[in-house]
Amino acid sequence: MVKSGTLILSVAARLLMPLQLLFSLFLLLRGHDEPGGGFIAGLVAAGAFALYLFAYGLTATRAMLRVSPRDLVGLGLFLGVLSTLPAWWNDQAFFTAQWWTIPLIDYKFSTPLIFDIGVYLVVLGSVLTAVVALVENDPD
Amino acid sequence: MQLAVLGGFVLAAFAPLLHRWFGERAGLVMAILPAGLALWLFGQLPSVVAGDTLVFEYAWMPGLDITLTFLLDGLSLLFALLISVIGVFVLVYAGGYLKGHQDLARFHVVLVAFMMSMLGLVLADNLVAMFVFWELTSITSYLLIGFNHNDPEARKSALQGLFVTVGGGMALMAGLVMLANAGNSWSLQELITRGDALRQHELYLPMLLCLLGGAFTKSAQFPFHFWLPNAMAAPTPVSAYLHSATMVKAGIYLMARLHPALGGTESWTLILSLFGALTMVTGAFLALRHTGIKQVLAYSTVMALGTLTMLLGIGTQEALIAFATFLLAHSLYKGALFMVAGILDHETGTKDIAAMGGLRKAMPITMVCAVVAALSLGGIIPMLGFIGKELMLESVLHAERLNGLLLMMSLAAAIMTMAAAAIVALRPFFGSWKDTPRSPHEGPVSMLAGPATLATLSLLFGLLPSWVSPLVMATASSVEGSAVDSYLALWHGVNLPLILSLISLAVGLLIYRHWERWRDWQGRLDPILNRGPEACYFLLMNLIVVVSEWQTRMLQNGYIRNYLVMTLLVLVGLTSHALVYRHDLVLDVSLDVRAHEALVAGLMVAGAVTACIMRSRLASVAAVGTMGFCIALTFVLFSAPDLGITQMLVETLTVILLILVLFRLPRFATLSTPLERVRDVVVALATGGLITVLILAVISGEQLPSISDYMVANSVPEGHGHNIVNVILVDFRALDTLGEIFVLALAAIGVYAMLRFHADEYDAAKQRLPHEEYLDG
Numbered sequence: 000m001v002k003s004g005t006l007i008l009s010v011a012a013r014l015l016m017p018l019q020l021l022f023s024l025f026l027l028l029r030g031h032d033e034p035g036g037g038f039i040a041g042l043v044a045a046g047a048f049a050l051y052l053f054a055y056g057l058t059a060t061r062a063m064l065r066v067s068p069r070d071l072v073g074l075g076l077f078l079g080v081l082s083t084l085p086a087w088w089n090d091q092a093f094f095t096a097q098w099w100t101i102p103l104i105d106y107k108f109s110t111p112l113i114f115d116i117g118v119y120l121v122v123l124g125s126v127l128t129a130v131v132a133l134v135e136n137d138p139d
Numbered sequence: 000m001q002l003a004v005l006g007g008f009v010l011a012a013f014a015p016l017l018h019r020w021f022g023e024r025a026g027l028v029m030a031i032l033p034a035g036l037a038l039w040l041f042g043q044l045p046s047v048v049a050g051d052t053l054v055f056e057y058a059w060m061p062g063l064d065i066t067l068t069f070l071l072d073g074l075s076l077l078f079a080l081l082i083s084v085i086g087v088f089v090l091v092y093a094g095g096y097l098k099g100h101q102d103l104a105r106f107h108v109v110l111v112a113f114m115m116s117m118l119g120l121v122l123a124d125n126l127v128a129m130f131v132f133w134e135l136t137s138i139t140s141y142l143l144i145g146f147n148h149n150d151p152e153a154r155k156s157a158l159q160g161l162f163v164t165v166g167g168g169m170a171l172m173a174g175l176v177m178l179a180n181a182g183n184s185w186s187l188q189e190l191i192t193r194g195d196a197l198r199q200h201e202l203y204l205p206m207l208l209c210l211l212g213g214a215f216t217k218s219a220q221f222p223f224h225f226w227l228p229n230a231m232a233a234p235t236p237v238s239a240y241l242h243s244a245t246m247v248k249a250g251i252y253l254m255a256r257l258h259p260a261l262g263g264t265e266s267w268t269l270i271l272s273l274f275g276a277l278t279m280v281t282g283a284f285l286a287l288r289h290t291g292i293k294q295v296l297a298y299s300t301v302m303a304l305g306t307l308t309m310l311l312g313i314g315t316q317e318a319l320i321a322f323a324t325f326l327l328a329h330s331l332y333k334g335a336l337f338m339v340a341g342i343l344d345h346e347t348g349t350k351d352i353a354a355m356g357g358l359r360k361a362m363p364i365t366m367v368c369a370v371v372a373a374l375s376l377g378g379i380i381p382m383l384g385f386i387g388k389e390l391m392l393e394s395v396l397h398a399e400r401l402n403g404l405l406l407m408m409s410l411a412a413a414i415m416t417m418a419a420a421a422i423v424a425l426r427p428f429f430g431s432w433k434d435t436p437r438s439p440h441e442g443p444v445s446m447l448a449g450p451a452t453l454a455t456l457s458l459l460f461g462l463l464p465s466w467v468s469p470l471v472m473a474t475a476s477s478v479e480g481s482a483v484d485s486y487l488a489l490w491h492g493v494n495l496p497l498i499l500s501l502i503s504l505a506v507g508l509l510i511y512r513h514w515e516r517w518r519d520w521q522g523r524l525d526p527i528l529n530r531g532p533e534a535c536y537f538l539l540m541n542l543i544v545v546v547s548e549w550q551t552r553m554l555q556n557g558y559i560r561n562y563l564v565m566t567l568l569v570l571v572g573l574t575s576h577a578l579v580y581r582h583d584l585v586l587d588v589s590l591d592v593r594a595h596e597a598l599v600a601g602l603m604v605a606g607a608v609t610a611c612i613m614r615s616r617l618a619s620v621a622a623v624g625t626m627g628f629c630i631a632l633t634f635v636l637f638s639a640p641d642l643g644i645t646q647m648l649v650e651t652l653t654v655i656l657l658i659l660v661l662f663r664l665p666r667f668a669t670l671s672t673p674l675e676r677v678r679d680v681v682v683a684l685a686t687g688g689l690i691t692v693l694i695l696a697v698i699s700g701e702q703l704p705s706i707s708d709y710m711v712a713n714s715v716p717e718g719h720g721h722n723i724v725n726v727i728l729v730d731f732r733a734l735d736t737l738g739e740i741f742v743l744a745l746a747a748i749g750v751y752a753m754l755r756f757h758a759d760e761y762d763a764a765k766q767r768l769p770h771e772e773y774l775d776g
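If you read the sequences in order, they're chains A and B.
With numbering that gives the first Met the number 0, letter number 138 in the first sequence gets 137, and the count goes up by one each step, no holes.
With numbering that gives the first Met the number 0, letter number 726 in the second sequence gets 725, and the count goes up by one each step, no holes.
Just so you know, these hints were derived from the structure itself, not from any lab.
Incorrect hints may have been included.
Unchecked claim - These stretches of chain B come out as covered by chain A in the derived footprint (C-beta under 8 Å, 3 or more residues):
| no. | region |
| --- | --- |
| 1 | 359-371 |
| 2 | 748-755 |
Unchecked claim - Some chain A residues well away from chain B (every beta-carbon gap over 10 Å; in silico):
| no. | residue |
| --- | --- |
| 3 | L14 |
| 4 | P17 |
| 5 | G56 |
| 6 | R61 |
| 7 | R65 |
| 8 | L103 |
| 9 | V134 |
Values in this document were obtained by computation on a predicted structure and should not be read as measured data.
Quick reminder that beta carbons are idealized off the backbone N, C-alpha and C, glycines included.
This is chain B alone, in the form it adopts within the complex (with noise of 0.2 Å):
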């Protein structure tokens, strides 16, 4: 398991070599791994179903408790399902609309990649490592988002989602932090058993927002929904993979999957269910102000993620079950219609639904599988989409709290979906005949294969129930957290919510009727909603950049002084701070000079002194160097001969590059004021004041004990060498060495690009991308 999903990772980035071999067909042949793995996945469905739970477990960092262990039950592997099912048709859907895109490779290579970083977060036990998976979601995201990177649009939608998404990340890692140390431990696993003494724990609250805080930006609840809609800027494939089907589902995953640990609290059941209302209604609310086929998608997109946050919210099993069908519907329809609308887009040159008219002669096949999705979207009998919203209104009925609310804004959020719908399925393909920018026929079969298999899923599951009314319940087994007995019907008699879906539809067809008057009478709230969330986003975008200005004016303003005597002011303060107050300062020395070390010592000070003082700066530079070979005879004389020629030899190299440098700067001058030079002078005292404390407060008082020991006892058992030093670097602490020798590098980096480009070429770079163009809303 974990072997396909690293692997998925390896075929990414072969994604190109792929498409040296197979060209066009490139698409096809990736599509093999996600399928294989919808095969699979399929193998386990009926032990899954049993109630069993697969544990495939791999250690991965022992040490710090992080496994790879990847978890197979109900929810994990309805979500895969969704996921390697619908990768399978975007990949081969995704070769129909790029086609002859010459950037197709790079696509594939994100787009693999994104498929396997969602799959390892549905998968993962550890919270870190699903934390790793969640990110990498975030920033392949944010890559197949400014997929187009020419278009400034694009690129701006993807830094929002970004930054969105990213921060969202940022409350989710305290919140994940938080929730393993309330129960003790990194395991969803043992987790989701040990609910009561986590809802009990007294950083509950605290704990719920910062984990809800990354679950609402990632699935775009109110108020960080507009991220989802901008982010259309994405290819059609992406937006009916991504932004409607998959990852914008990972906050919801998420909340569900805690929802045994976390669920059922006064505060858990307020928030999502009062945030998923207003999202649902938002967003239906929103979908019908637009007229871009993609912009109405999206915010049916987000009044579908707010219906299944507020069903988690109102968490009876009721609730749950409804929860789990509304899912699989809603990712089947709505990948459905995406595909559609991108089908649309690539045949009649635009993405705007007022500009298209009669289009059924041109494209039958396209229209009936428009029309079978929005059926499912509207929630109409006999779709799986009613059986969703039947149990969705069912369960609001019966919520413990605040129900009458609910149940009224779920009805408007019904109503304007139905109206959506009609407006997706109906307004392109019906009416009359409205000339587009390209004279449109049917989409090729790479296209309207995914289309018509999900569209026809979607009536398949809705006349057999009992298909998938064993995955279905599975779900919300593990959402409950214990065995959910039930199944699913089409069926339920007349009752209330069969009479408020009547009431939808009819009303729903009504605002259809009058799309034009309605959208003028929506556009007169616009100042509104011009000042809502997405305001406020771009104030925030704006106060970072002010702040960010006044920062590097103050801290990082090209003057190796100033940094110095920042670096330096915060070492002594925070040094001394802890010296003083968190150990008590024992200074009790006996000092055993002998007199060639007194010598020594003596030159090093000379040497300091002398390289202040000096107004020649090969003086300098000789003097400094002295107390370099001084430093170098210390650590010879206390037997440290690898430190005593590395220093020697930095020294030696010191002095090359110095000679190299040196004819090149400037006359030596004197730059600063008498009282900078003060200030320098007490900044410079203080510092080597300090640390001659700190290393007469180590030597004299044995405060901890020191680690050294064991690094001479098992330096030869347990490293093979008898230099410690060595040892210690490429082998006890050879991590430490990595990222040194990382650093190194990019110092290397540096000083290259610094020596290469010169400040003419950066004002020419600067010309051809204004930088205004990254940062500004």
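Isolated chain A, as found in the complex (with noise of 0.2 Å):
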């Protein structure tokens, strides 16, 4: 059912799912200033690998993916917490902002940037933990 096989599928999945993850990525970084943001970023990026497993199936996409699921969600919440703790570097209350500016490329990275980086996996991590436990139910 899942691995439909279909040639236009499998190329167009071949062909977009880089360009969806690249886009993911560009809304996670630009959230911030503009539309984006880590949860938009996380469904664009599961939208791309449920994109690649109706067409390739689920061993391709887990050869891809190359962690389970559930270590992204694990990984996405680790991130979150640990934003929280610098503010203590600098005597400031519990989960309070820092910044700092990368001086080559003049980006300005801060705890929020991380925080949403984890809030992405995590989201990223549960869509597709749902995604892969009902396609490996499947009894096909």
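Combine both chains into one complex, guided by the hints.
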């Protein structure tokens, strides 16, 4: 049922998936100033993997992901909690946002960004966990 | 200071690693931390004795006025010293007692975590911080009592201890909130200076009762005393540490700490001295009913806890000195006696005193430790326990209220305690030799170090009371709330307390001689005792099961339609009530709708109606999807692109998930009766109507100032972002988002578990672990 095997979908998925993932990263990184953010980006990435899953099946998708979706959830939660801690360094309250500018590329790096990456991973991981579990359960 | 305690928790987490590195010696390595703490605390002794209160400030959550400030005065110093010193010996002792146990690492994790929780509890200045540590001690205690989790008895006892102490914790929390509101502060330091205002506060009595609810359950006061002897299912080092020297004294600590703030009133005096005395007599009486050595000791601990409570209730300066002395003496001798009990159990293979005899030849050092510690328990000159008991009798004699009754009860308790002390110290070691399951010989050094040191201290402090006198006075001063200037002495001359002591010694030994007959006589009371508080506890537990079964059948029956009806009805009921009664409902709307907006709205309504009346699942899904995309469109129209994108993506992923689920579902069928459908229509209309009214109310009357102005104004300067939605999500309200991603993760785990574990596997698992085992008494 899941692995369609049709040529159009296979080719489209192969072409679209990198673009979708790139787009999700783009949404994630620009999220603080323009529409986007970790939640939306995570959904886009999950969509990308779901497309790939429909085209190439579970085994191929697993090989592509390399890690279990549940580990992504764990990593995301870890990053979310981690981002609360740097404020201690500056003797500020729990969760106070910290900003650093990376000199060469003049990019503003911050704890909200770490947090947003955490959200991204949790959303991606959660959706994929559900999708993969549903597909795994498939008697076919 | 904070660093040491919090670092201890980190150390606890690393215990398994230490076990890999140091093997059996990991306990000794970990004992370095409490040993260092103890040394440091000794260093603070001079300034605390001089009357200083050392404050270690640390703001934890300044926005909520919660600090992690630590406070070191006489009372907390005495407790902290007991916790760290006895902690060192218990860690060393456990290494011998649980030698070769496969779960020793787990034991160390929980034990060190407990140690730190207890330290935090006695040092914390903030009520919230103290409560957090309080609950941590309950949880770690639960894990330690149930350490041998293959034993159903241990699991049951652990659960009982947890239910009783955590139930008390609830009362405590309510009491602390009332206390903080009445005293207008969360800091103990400030609260104890506001005693007069607190005592006259209208909520004084409820506050006191709630706080005592917490203290009484934790410190096993009558009628909650039953959990403590059952907690003896724990390994003996745990019993020695938690259930005699430290944790059960947490309640005592709380009462002593709050004595300057709440003590001295009629209700304080009566409740504490009566319940204390009752606990004291109950404990001493039941101690003689049992032959298990740990049971006897546990009930004598109940006796001691009752005595301490009674002394706090009496509350005179004399009583508080007696309190401090008795507390110190009890921790020393009881720690030692429990460790001796552990050695006996370890070496002979039985815990039954009646089965032991003549062990003095095999275990001479253990015998000496036991006798010395038991002399202190019995209150015989020249032990520290003697001084404690004399002072206790003296202050009971001079009590302002009920002193006749209290004196009689104290004398009875002293007699029976004397008998219990003789049973513990003489029975196993003297008399004729009895064969035991294992052939006994002297315990290892690691197990003898603790009892030997603690017993020696009991003797030394009794002979040289001037050594501990300053610490005792400093403790009494903190409990009194003002400086106490006195000293301890071993010999007070021939007075009434001494005569009473002699009587208790004589009668106690008499009971010891006829212990078997005494037990037979007590056995006749069993039918009454079996209907005691513990029976009520089991009744309550069964009631909880019955009520949960009933409410699960009623509310959580697995039909999503019932959940929806229930949730929506509650929502409609509460919200409409608030809307009508709390706010004046003003509906003053001038609608200004453009054509394309009306079109989107119309499409949305059409989608909803179609979804309801369609007889094909796929069509319904498509209709719901139309609705979702219309909502996304609405967001876009009203310039909320983030929400629009999110809605769109959620709809897309929903379709994907539905495709995966759809073909697995049974055929579309009509399951509800017409009447139920009418009910559903009514609920749906009511909900829709409510939301409509709510939105109209929100946009028509500016009832509350909007917070979005703040967000708009501060998004760039404070959050460094132009996308306000994102700044709110990851910065302003990041804590909420953190909570949400945890919920999301939980939902994913739930889906995973539901799909992976099939019903047949569940049945198989249920057969392996029948759930009755957890719940039944």
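_Confirm or reject: L103/A is not an interface residue toward chain B, with every Cβ-Cβ distance exceeding 10 Å._
holds, 19 Å
Checklist line | 10 Å Cβ clearance of R61/A from chain B | finding: Holds, since 15 Å exceeds 10 Å.
Next on the checklist: Three residues or more, CB to CB closer than 8 Å: is that satisfied between the region 748-755 of chain B and chain A?
Outcome noted: Coverage by chain A holds here, the residue count being 5 at a Cβ distance below 8 Å.
Margin query: Taking 8 Å as the Cβ threshold, is the statement that the region 359-371 of chain B is covered by chain A upheld or broken by the three-residue rule?
Written below: Since three or more residues must qualify, the claim that chain A covers the region 359-371 of chain B is violated, with 0 doing so at under 8 Å.
Open item on the list: Is the claim that V134/A lies outside the interface with chain B correct, judged by CB distances over 10 Å?
Closed with: violated, 7 Å
Far enough from chain B: is every CB of that chain over 10 Å from the CB of L14/A? holds, 18 Å
Would you check whether the claim that P17/A is not at the interface survives, using Cβ distances to chain B and the 10 Å cut-off? holds, 18 Å
Query raised in the report: Are all beta-carbon distances from G56/A to chain B longer than 10 Å?
Result: holds, 13 Å
task = Examine each Cβ of chain B, and state whether all of them lie more than 10 Å from the Cβ of R65/A.
result = holds, 19 Å
Hints 1 and 9, counting from the list given before, are not met by this structure.
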